[in-house]
Amino acid sequence: MSIQNTMFNPKRYHKSQLKFHFVLLPLSIFMSLPIIFIINNAFKPLTELFAYPPKFFVRQPTLDNFRLLFDFSKESGIPMSRYLFNSVISATIVVILSVILSSITAFALSKLRFKAKNTLFKINTFALMFVPIAVAIPRYLIIVNMGLFNTYAAHIIPLLAMPVGLFLVKQFTDQVPDELLDAAKIDGASNWKIYTKVILPLVKPALVTVAVLSFQASWGNVEASNNLIDKESLRTLPFYLGTLMNSTGNVIASAGIGAVASLISFVPNLLIFIFLQNKVMESMAQSGIK
Amino acid sequence: MKNKFEVKSIIKRLVSPIEQFFSPLSKKLNKINREISEKYNNSKYVRIFNHPVFFILPYIVLFSLIILLPTIISAALSLTYYNTIQFPDFIYLENYINLLTNDSVFLQSAIANTIKWGVIVGPAGYILSFFLAWLLSQVTHRMRTIYTLCIYSPSITGPIMMSVLWRVIFSGDQSGYINYVLLKLGLITNPIVFLQDPNLLFIIMVLIALWSSAGIGFLAMIAGMLNIDRTLYEAAYIDGIKNRWQEIFYITIPSMKPQMLFGAVMAIVGSFNVSGIASALSGGNPPPQYVGWMIMDHANDYGFIRYEMGYASAVAIILLVIVFVFNKVSYKLFGNNE
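For the protein sequence lines, the chains are B and D, in the order given. So the first sequence is residues 1 to 290, counted in our numbering. So the second sequence is residues 1001 to 1338, counted in our numbering.
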């Protein structure tokens, strides 16, 4: 076997890659089947949703299900736009704050000198193993005692400390050469200036990854709406969509609504990942634990 | 194109008087700003503000509030009887003793299922991720991007799909997709009640988990693999490596050990982090015969349905210990033994 055809990350197509495509293509199709199914389902008229034999692809696409969802949300006390607004607001704040938080902390842990630095990073790495729902109960008590029960902060605060995010950015910041920082220091830059002018532009890929991860965490988060909030007008979209399917009590209507609902809650995640995946992959290269 | 310029010039014309109006003020402000920064640069204030504490404090505060403190409270509550109304009543290790001697659901279902789940889904998902990453590293960039997207997408959608999609596909009557195909092929005569059959339900849960197992660890593994120095492979072939298996075991895996460990940690945490799959699939809580009843389900059941917070905390602490033990094993396997 020649070296040429065992190369990873090949630059151009070669006949020997055919066997990999042979495995990957069916596998990718199989993995994305449910998503294709969800997209198709959302546009199916009710007759097709309950057709026997069941059909995979939509024959006569309609927007009936969307209309059904909006009609239903009009009847309920709080319109769907309110839940959407809550979701968008809390996701935006979570993304911005967690990016800032993880990059500042990663900069300090990676480049500044102070006591207990390594211990702190070890604790953070240890927290990667942490199972968040295991502490749902005390977290509830803390949120209540901080007076954050029934506020937007209940959606935001629990998601801000993201050990995975800090970990990824720290590993990435380690790659920034110290000479660059020394040069900035000689020019009289303060630590804050170094952070904003040198570090931030260089670790952008890692920050994009943190943004993607925190968005995913926030967009799909129902824990806050379930446990930390009991005011309907403050709850988020995924919670609402989750309850829709149970509360309609009408099997036929709920199937259509469910199909649309899952499309709505899933598409933003996918789009964001598609647009940012290059940056994500770049930052993941530094993601190892030694 | 022309319009754009016109718009720009209009905006300029509108803004310029405002700018002129404010320009003396802004010049003054700039001057004051410069004076202040000159005065205080390298002064005491800046040096204090530059202290690393300011950089790490926000994270430490949040980390303690969200992760550390809850864990400690959880550990403390696990030694009490606490029904959320009365003050916690200290009862030493009674919760643990009850859990490990009296609670048959916990022992026979929760612990057994979670460990079975962790041992099957964790390693299988991990190996699958590695295998997929390896396959992806062998094709060209453009195709790899598309494949990666397809393979990663299930892990984004995970829980959303559960109640809508899988229940339709595995539906117990003849309108379920699988049943329809099997009936059509003549393999079965009556539709199989997939989601109510205890034996089948667990298998279906495993399949779904594997389907969505290519998550963040998988991304890390692809990236790590692509980052390996190309010349290592060339050197290895000169040194007499013969096939792809040797390539994987002698070069690929050792060169990406850090990513392998990261992937392992993520796989373990992910596989122990499950709850509610069985109930979502079967549509009943608890699921028939407690199939797929996880430790987390048990904790949620006691915590948020029966309001026995102390007992639920004990369950959660046991889960943390189990996850920790499994992670220690993976550190032994992949860690840097320096």
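Calculated from the structure, these hints are not laboratory results. Note that the structure is a prediction, hence the values are computed from the model and not measured. Keep in mind that a hint or two might mislead.
[What the hints assert, rightly or not] With a straight-line cut-off of 30 Å between C-alpha atoms, the simulated BS3-like cross-links for lysine-lysine are: (1) D:K1332 / B:K193; (2) B:K117 / D:K1242; (3) D:K1031 / B:K115; (4) B:K193 / D:K1257; (5) D:K1242 / B:K279; (6) D:K1242 / B:K11; (7) B:K122 / D:K1027; (8) B:K117 / B:K19; (9) B:K15 / D:K1031; (10) B:K279 / B:K19.
[Said to hold, decoys possible] Residues on chain B that point at chain D, a partial pick, calculated with CB under 8 Å: (11) I38; (12) L112; (13) L120; (14) A183; (15) I186; (16) F266; (17) G288.
[Unchecked claim] Label-pair restraints from in silico Cβ distances: (18) B:P26 / D:F1049: 56 to 62 Å; (19) D:N1098 / B:L180: 39 to 45 Å; (20) D:Q1108 / B:R67: 32 to 38 Å; (21) D:A1124 / B:W192: 46 to 52 Å; (22) D:N1098 / B:K197: 57 to 63 Å; (23) D:V1329 / B:A51: 21 to 27 Å; (24) B:L276 / D:K1028: 23 to 29 Å; (25) B:D182 / D:I1238: 36 to 42 Å; (26) B:R67 / D:V1181: 28 to 34 Å.
Ideal placement from N, C-alpha and C gives every residue a C-beta, glycine not left out.
Structure-based check of all given hints:
| no. | hint | verdict |
| --- | --- | --- |
| 1 | D:K1332 / B:K193 | 41 Å, violated |
| 2 | B:K117 / D:K1242 | 45 Å, violated |
| 3 | D:K1031 / B:K115 | 39 Å, violated |
| 4 | B:K193 / D:K1257 | 35 Å, violated |
| 5 | D:K1242 / B:K279 | 35 Å, violated |
| 6 | D:K1242 / B:K11 | 23 Å, holds |
| 7 | B:K122 / D:K1027 | 49 Å, violated |
| 8 | B:K117 / B:K19 | 48 Å, violated |
| 9 | B:K15 / D:K1031 | 68 Å, violated |
| 10 | B:K279 / B:K19 | 28 Å, holds |
| 11 | I38 | 6 Å, holds |
| 12 | L112 | 4 Å, holds |
| 13 | L120 | 7 Å, holds |
| 14 | A183 | 17 Å, violated |
| 15 | I186 | 13 Å, violated |
| 16 | F266 | 5 Å, holds |
| 17 | G288 | 2 Å, holds |
| 18 | B:P26 / D:F1049: 56 to 62 Å | 58 Å, holds |
| 19 | D:N1098 / B:L180: 39 to 45 Å | 59 Å, violated |
| 20 | D:Q1108 / B:R67: 32 to 38 Å | 48 Å, violated |
| 21 | D:A1124 / B:W192: 46 to 52 Å | 47 Å, holds |
| 22 | D:N1098 / B:K197: 57 to 63 Å | 59 Å, holds |
| 23 | D:V1329 / B:A51: 21 to 27 Å | 50 Å, violated |
| 24 | B:L276 / D:K1028: 23 to 29 Å | 43 Å, violated |
| 25 | B:D182 / D:I1238: 36 to 42 Å | 40 Å, holds |
| 26 | B:R67 / D:V1181: 28 to 34 Å | 32 Å, holds |
The structure fails hints 1, 2, 3, 4, 5, 7, 8, 9, 14, 15, 19, 20, 23, 24 (numbered hints given earlier, in ascending order).
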